[in-house]
Structures are given as structure tokens and as C-alpha cells.
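Asker: Input sequences plus hints: build the corresponding full structure.
Residue numbers (this note's numbering), protein chains in the order written: chain R, 1 to 323; chain S, 1 to 323.
No wet-lab data here; the hints were simulated from the structure.
Backbone N, C-alpha and C fix where the C-beta goes; we use that ideal spot for every residue, glycine too.
Some hints here could point you the wrong way.
Unchecked claim - Have a look at the derived ranges for each label pair, beta carbon to beta carbon:
# : chain 1 : residue 1 : chain 2 : residue 2 : range
1 : R       : E168      : S       : E267      : 31 to 37 Å
2 : S       : G53       : R       : D127      : 37 to 43 Å
3 : S       : P154      : R       : V264      : 45 to 51 Å
4 : R       : S245      : S       : S121      : 47 to 53 Å
5 : R       : P191      : S       : V271      : 56 to 62 Å
6 : S       : V160      : R       : R310      : 28 to 34 Å
To be verified - Going by beta-carbon spacing under 10 Å, a handful of chain R positions derived as facing chain S:
#  : residue
7  : R55
8  : G165
9  : E168
10 : T293
11 : P305
12 : L317
Said to hold, decoys possible - Take a look, some chain R residues computed to stay more than 10 Å from chain S by CB distance:
#  : residue
13 : G50
14 : V77
15 : V89
16 : S121
17 : L140
18 : P178
19 : P186
20 : L232
21 : P290
22 : A300
Number of protein chains: 2
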Amino acid sequence: MTDRDSQPDVEHGRSRAPARGPATLLACVPNVSEGRRPEIVERIAQAADGVTGIRVLDVHSDSDHHRSVLTIVGNRVAVEEAAFRLADVATRSIDIRDHRGVHPRIGALDVLPFVPLAGTSMESCVDVAHRVGRRIADELGVPVYFYADAALRPEFRLLVNVRRGEYEGLLASIGRDPTRAPDAGPRLLGPAGATAVGARRALVAFNVHLRTSDVAVATTIARAVRSSSGGLPGVQAIGLPTSRSGIVQVSMNLTDLDVTPLHVAVERVRVEASRHGVEVAESELVGLMPATTTLAAAAAALGLPSLGARQVVELALERAHDA
Amino acid sequence: MTDRDSQPDVEHGRSRAPARGPATLLACVPNVSEGRRPEIVERIAQAADGVTGIRVLDVHSDSDHHRSVLTIVGNRVAVEEAAFRLADVATRSIDIRDHRGVHPRIGALDVLPFVPLAGTSMESCVDVAHRVGRRIADELGVPVYFYADAALRPEFRLLVNVRRGEYEGLLASIGRDPTRAPDAGPRLLGPAGATAVGARRALVAFNVHLRTSDVAVATTIARAVRSSSGGLPGVQAIGLPTSRSGIVQVSMNLTDLDVTPLHVAVERVRVEASRHGVEVAESELVGLMPATTTLAAAAAALGLPSLGARQVVELALERAHDA
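Answerer: Quick look at the structure:
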């Protein structure tokens, strides 16, 4: 239910000097259904990295999820090209029919979200998602569903609705059920499955680990924390097993960090775990987080009413350069 | 006992692209004995800001301390000139003979530390301190003591030894006691008092507030926390009153953040306060903190084993630009 991509934004509304690089930046956070063969993940990352102006900021592989999350950044033209090239490599290298992992998925390139960074509008990211998605459908023959802000159907604003039943469920329904027809590409699934292409604001993907073998505890806590069950707004959460003995996880996506900051969600999981008499183990950040999330968590730890980017040397210098 | 300046360093050993600006950066963190007349503080800040290539990153005034901490950054030549110009304005605008604040001080421009940032060595900062200090002594007629890494006498490596007895004590002894003779400038104090000019690594200045009117509690906790009384290494701390009713403060300088991170010291104050049955109120950062301090505090709040700059979008982008 969570989508394991995470690419937070630079503060909106703050201008950056053009001299620093391209005036408008966006991020792309592909989630590919391969978390066990590093050489395949590396090949996918290299496909993106080969495009001039692209930076691969992070590659996060999870063996239990059998999934990797890449974070790439660049200007519009570079990101479009990089996203298509990595889609090409991922859909040719990963066979979703053999894929067994604990994380929900519908395809080799499972989700491909574009996230606005400094100077880029959401509208621009939606355009990028539609162009890249149609190219993936046309040139690679992969069915594409547009989700989040790029959704063409209201129900697909929620990724969970695109991914309902996962690859296996989609395989059974894509050809017959008109509500499962893709937005672009063929109405049939090949070895690469389907891809959800979206545009969205930054989110943070974060796993809290619990010292218990009982995944039902993680599921119960996930339900208490997530917004869809009446928990914290802007929090998606599922309980998952891990391959580590005696450890399960609450796997979260935080989609509205202004409303529910990460440290608040983590604290809520801790409180729930304590109610169940379960100890919290080390947590895990998937991909990156925005500076505002880091600052808010640090402020909480230090008892500060707030902590601004202007109060951290490196971030203040960055602003000074931009001014 | 604490010196209220704070200017942490960018990670050493990490190169920054020359295209970003001057290849070597240093910070200067003047502490001036004026925290109540904003127009005077503003005039001092403008004296520095008027130098090409200088950025005034922060100005923090404290009325109770009757003191302001400025954080300015630039290349060597610019910082030297800015430091001298603000020394000129501060020593002409502030009369230390009338100064009454809770923070220890010996002069109008009380301390003037230089801190290495990216690409700058401590040796270079020591040279800057000596050049600027001698110019202040020669051209402004203010006695100067070199401290920390710029100290010419071993006992003055500790600022507390320079500032012993404060302005009033120094006034009585500077002319007669050879151990109190300045390193540069006249052996007598004018209305501007004396100035301690130093070079040092980054430090963080941080105040934890306690909900009690009893400053003795703050002093006891400060003693439990600070290294000189057997507490945490790299922590200087004093208990001080504040003008807020029912609030006192533990005022800390953290001088070795690798050994004792800020959040560890704050937690220790919390534990001690709880032992005394005293509640902790909001804390206060004086000046700036380095990103590593922020990251460590955020990691603690989130239960992460660690959190690197590569995992925070804005800091990762900064690195990508530098690569």
C-alpha cells in the first residue's frame, strides 16, 4: 500500500540563482522491482546517470521488499530522457512474473513519480509524467497508469487503487475489466507488468522496526497510525515482515509533512508499540528527506520551538549564495 | 564562563568547487556587549556587511545577557577587513563601563573568534586572528588577548582565564599584574575595555531553560553537565537568571561536537532537571549550528542509526553541485 519512493522538495517559493545550474529542477523517484541483484540495479542507475545533467542522488535496495528506490535530479529535459532510459533497462531486465517480495507491485518499473523541486511547478511535472508515460507505453509496449496529480481518472489519484490486486490481480482483469484498462499502452501484461507514472509533492518513506516476530502487531500499529483508518493525516502505513529474525516493520509514506511531520509519526508508532508491549528497534529512511523534515525532527530532539534553514551553516550559506 | 559565539564548520576534508565562490571560507563570530539597542547592533552588522564578499548570516541579541552574537562568512581578505571595521564601530559605540548584563565580558567587542570553514586551515585562522588583533590594538588602542588556538600563552587557550574577574577585575589588574598584560595594545582600559581575539573550531552555543526561579538549580545542573566539573567532555556550562519570570537557564557552549553531540548534552540537562523535579521549557540556539549537529539530533529523534548529508535533499544537491 505504501509506495516506496521518496523525493522531498526544496522549499517552494524560494528562488535559486540560475547561476547555480538549471533554473528549474525536478526529481524522479523510480521504484523498480529488483532489490536482490545489485548488478541489475546498477545497470538501471547507470542508464539514468548517462544522461548529461542528471545526478543520481541515492539508490536504496531492500532485499525483503525485493525493490529499489532511485532518486535522480536534473532539469526537465534531462529527467525526461533519464526516466525513459531507465524504464527501458528496467522493463527489459526484470521479469515481474518471477517476482516475490513483501512489497506490493504491478510491474518491473513499478512506480515512476516526478516531483517538483526549486523553480518547477506541479503542472510542469504532470506534463513530464504524461510525456514519459506515453513514451513508455508506445515505445516499450508497457501499460501505463497515471496516478497522483497526473491521474486522468479521479480514483487513480490514489496509488493504492492503481495497484489493487497487484500484478497477479491486474493480469486477471486488465483485458476484461474496463475500469482496469491502462491510460496508455496495450491492454495486456508482458513480463514487465505495468507501470504507474505520476506527479506528486515530496514524500518521505520511512520504516520503523519492531522487536517482535508477529507481523499482526505491525499491521495493527500501521492501522492506528495511518490516515485511511482514522490515524494521522498524510500518513500511509502497512505492516510487513522482514527477513531479520524477530523483527517486523511499520512501513510508512508521509505525504503531507507540513500537517504530520515525520518525527510526529515516528513518535506515534512508538506510543502504539509501547501500548502493545513491543520494543522499537532502529528505523530506516528510504531514499531522501527534505531539509525541513530534518530541521523539525532536530528541533523536537533539542526542545527548540523551531529550527530554520538560516540557523544551519551549510543551509544558510546555500541561501546566501542564492541571494 | 561560556562565550556566546557560535559558528560551526562545514565538514572538513570535503572539497567545494571553486566556482561556488572563494575557494576558502572562514567565519567570524564577534560577540559584542550590546543586546538592548538594536540600532547599535545594526550599525555594527552593517559595518561588516559593507565589505564586498561578506555575508552576515545571523545576528542574535540577548537582552538579559546584554550581548549580541554576529555570524559573518567570507574569504580571508574580506573577513579580515569586515572584522576590523566592526571592531571599529563596536568599540566606538559601546561603553563597557555602563554595561550590566548577566553574561561575563571584558569589553565592548568582547570576543572575536575566527573559525575555519571549507578549504581553510586552523593555521590560516590563527594568522587572521593575529593580524586583525594587532590592527585593533594598534589602530583602535584597545588591549587584545589572543585565546584558543591563537593563544600566545598556554593559560589563554581557555577563554575563561582571559575573562577572569571580567572588565572590573581587569581594570584593577591590567596595569600592575604582569600576568594580565595584553598580548597587543596598551596596558590600560578605555571605555571599550579589552577584546579577546581567537581562532577555534566550530562550537554551538545553546541555552536550555528551566521552569524555576531558583538560579542555584541552573548552576547545579550546569556543574553536573560541564566537563570542568567532571561532566560531559567538550561542554562548558553556567547557570544564569533570565528576565522571564520563573525561568532560569543552563547556558552551554559545545566545543567538541564529535565527542558530545548537542542532543546528548540537552538530554543530560533534561535528566538532571528531572532529578531536581524541575520542568524544562523551550531551549534557544545562539547563532548557528553545523549540519552534522542537526543531522545527529534528527537521527536521535527518528530512531535512525545515523543520518548523512547525502540523505537530505538540499545537502545532497549541494554535494552534487560540488562534485
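Asker: Confirm or reject each hint.
Answerer: Verification of the hints:
For the pair R/E168 and S/E267, the beta carbons lie near 49 Å from each other, so the given range of 31 to 37 Å is not met. Checking the proposed 37 to 43 Å range against S/G53 and R/D127 shows it holds: the Cβ atoms sit about 40 Å from each other. In this structure the hint that S/P154 and R/V264 lie 45 to 51 Å apart at CB holds, the actual value being about 49 Å. At roughly 49 Å, the beta carbons of R/S245 and S/S121 sit within the given window of 47 to 53 Å.
The supplied range of 56 to 62 Å is met by R/P191 and S/V271, whose beta-carbon atoms lie about 58 Å from each other. In this structure, S/V160 and R/R310 meet the distance hint of 28 to 34 Å, their C-beta atoms being roughly 30 Å apart. For R/R55, the shortest C-beta to C-beta distance to chain S is roughly 4 Å, which falls under 10 Å, so the interface hint holds. Hint status for R/G165 relative to chain S: violated, with the closest Cβ pair at about 33 Å, above 10 Å.
Evaluation of the R/E168 hint against chain S yields a violated restraint, the C-beta minimum of about 34 Å exceeding 10 Å. The beta carbon of R/T293 comes within 8 Å of a beta carbon in chain S, closer than 10 Å, and the hint placing it at the interface holds. Hint status for R/P305: holds, given a least beta-carbon distance of 5 Å to chain S, under 10 Å. The interface hint given for R/L317 is met, as the beta carbon of that residue sits about 7 Å from the closest beta carbon of chain S, less than 10 Å.
With a least CB separation of 16 Å from chain S, R/G50 remains clear of the 10 Å interface cut-off, as annotated. The claim that R/V77 is not at the interface with chain S holds, since no C-beta of that chain comes within 10 Å of its own (minimum 17 Å). Remark: the non-interface label on R/V89 is consistent with the geometry, its nearest Cβ contact in chain S lying 22 Å away (cut-off 10 Å). The beta carbon of R/S121 sits about 18 Å from the closest Cβ of chain S, which is more than 10 Å, so the claim that it is off the interface holds.
The claim that R/L140 lies off the interface holds: its Cβ sits roughly 28 Å from the closest Cβ of chain S, which is beyond the 10 Å cut-off. Every Cβ of chain S is farther than 10 Å from the Cβ of R/P178; the closest lies at roughly 40 Å, confirming the non-interface assignment. Distance check for R/P186 against chain S: the nearest CB is about 36 Å away, which clears 10 Å, and the non-interface claim stands. Here R/L232 stays apart from chain S, with its beta-carbon at least about 15 Å from theirs, past the 10 Å limit.
Its closest Cβ contact with chain S, about 5 Å, brings R/P290 to no more than 10 Å, contrary to its assignment away from the interface. Not every CB of chain S lies more than 10 Å from the CB of R/A300, the least distance being 5 Å, so the non-interface label is violated.
Of the hints listed earlier, those the structure fails to meet are numbers 1, 8, 9, 21 and 22, in rising order.
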